[in-house]
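With chain V fixed as given, assemble chain L onto it according to the hints.
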Amino acid sequence: GQQLNQSPQSMFIQEGEDVSMNCTSSSIFNTWLWYKQDPGEGPVLLIALYKAGELTSNGRLTAQFGITRKDSFLNISASIPSDVGIYFCAGFLIQGAQKLVFGQGTRLTINP
Amino acid sequence: GAVVSQHPSRVICKSGTSVKIECRSLDFQATTMFWYRQFPKQSLMLMATSNEGSKATYEQGVEKDKFLINHASLTLSTLTVTSAHPEDSSFYICSARRQLNTEAFFGQGTRLTVV
Chain V
2 GQQLNQSPQS
12 MFIQEGEDVS
22 MNCTSSSIFN
32 TWLWYKQDPG
42 EGPVLLIALY
52 KAGELTSNGR
62 LTAQFGITRK
72 DSFLNISASI
82 PSDVGIYFCA
92 GFLIQGAQKL
102 VFGQGTRLTI
112 NP
Chain L
17 GAVVSQHPSR
27 VICKSGTSVK
37 IECRSLDFQA
47 TTMFWYRQFP
57 KQSLMLMATS
67 NEGSKATYEQ
77 GVEKDKFLIN
87 HASLTLSTLT
97 VTSAHPEDSS
107 FYICSARRQL
117 NTEAFFGQGT
127 RLTVV
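Quick mapping for you: the protein sequence lines, in order, are chains V and L. Heads up: the first sequence begins at 2 in our numbering, then just goes up one per residue. Heads up: the second sequence begins at 17 in our numbering, then just goes up one per residue.
Think of the hints as simulated: they come from the structure by calculation, not from any bench. No experiment lies behind these values; they were computed from the predicted model shown. It is possible that part of the hints are untrue.
[Stated by the list, open to error] FRET-style restraints, in silico, Cβ to Cβ:
1) V:Tyr51 x L:Val19: 13 to 23 Å
2) L:Phe55 x V:Gln96: 23 to 33 Å
3) L:Pro56 x V:Ser8: 35 to 45 Å
4) V:Gly54 x L:Pro56: 29 to 39 Å
5) L:Val19 x V:Ser83: 13 to 23 Å
6) V:Gln15 x L:Ser99: 44 to 54 Å
7) L:Gln45 x V:Tyr51: 15 to 25 Å
8) V:Val85 x L:Arg127: 17 to 27 Å
9) L:Glu38 x V:Gly60: 30 to 40 Å
10) V:Pro9 x L:Ala88: 15 to 25 Å
[Claimed, not checked] The calculated DSSO-like cross-link candidates involving lysine-lysine, where the alpha carbons are at most 27 Å apart (straight line), are:
11) L:Lys80 x L:Lys30
12) L:Lys36 x V:Lys100
13) L:Lys57 x V:Lys71
14) L:Lys36 x L:Lys82
15) L:Lys82 x L:Lys71
16) V:Lys100 x L:Lys71
17) V:Lys100 x L:Lys57
18) L:Lys82 x L:Lys30
19) L:Lys36 x L:Lys57
20) V:Lys71 x V:Lys52
21) L:Lys71 x L:Lys57
22) V:Lys100 x L:Lys30
23) V:Lys100 x V:Lys71
24) V:Lys52 x V:Lys100
25) V:Lys100 x L:Lys80
26) L:Lys57 x L:Lys30
[As the list claims (entries may be wrong)] The following residues of chain L were derived to be distant from chain V, with all beta-carbon distances above 12 Å:
27) Gly69
28) Thr73
29) Glu79
30) Asn86
31) Thr91
32) Leu92
33) Thr96
34) Thr98
35) Glu119
A virtual CB, placed ideally from N, CA and C, is assigned to each residue, including glycine.
Chain V on its own, in the form it takes in the complex (with noise of 0.2 Å):
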């Protein structure tokens, strides 16, 4: 079953606002990434995190690994209609196999 809690399910924003979403889970990751999903496609990697702390920018786009491990956040400025999808949060467990596993999604729908 799902290990990742990812929230907002959904978000309804106008342009040029910004956005923020995350994941929290109970078991420890090594590795937090961040993807965009278009419908009909592969998810794409946005931002990969690899150290408890770090804070990444990708354009527009910047994203945290918690210093406890057990959490990620997302954030959008600016916000343009190309940001429309769903973005996922997905992690390499600590334990185990190395599992990519993911998180439930944040739907972002943008009114011009």
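This is chain L only, laid out in the frame that chain V set:
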């Protein structure tokens, strides 16, 4: 870049037949590949993890005899859906990574429809 190519992108098959989906890492060697299944408006559910040259590790509830995974080389993994049934219809996606603790890149996905 890191490109993962999945083929075919769409396939329709008859009940009882088998379908093979290929996942290739085009510009890097992938020690690990992951196979996922995704239902409409849902997240990606991990089916199995495969390491090159080893048997795949299946998630609980995934039938290994029905979903055959082969990872014969560092650039190719295949998923074969055997004796397909309509309930196997879904979006299947593969992912590949170079080594431990590195990011994973995804293929385009395969839309399987069993009629």
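If you test the structure against every hint from before, which numbers come out violated? 3, 10, 21, 22, 28, 35
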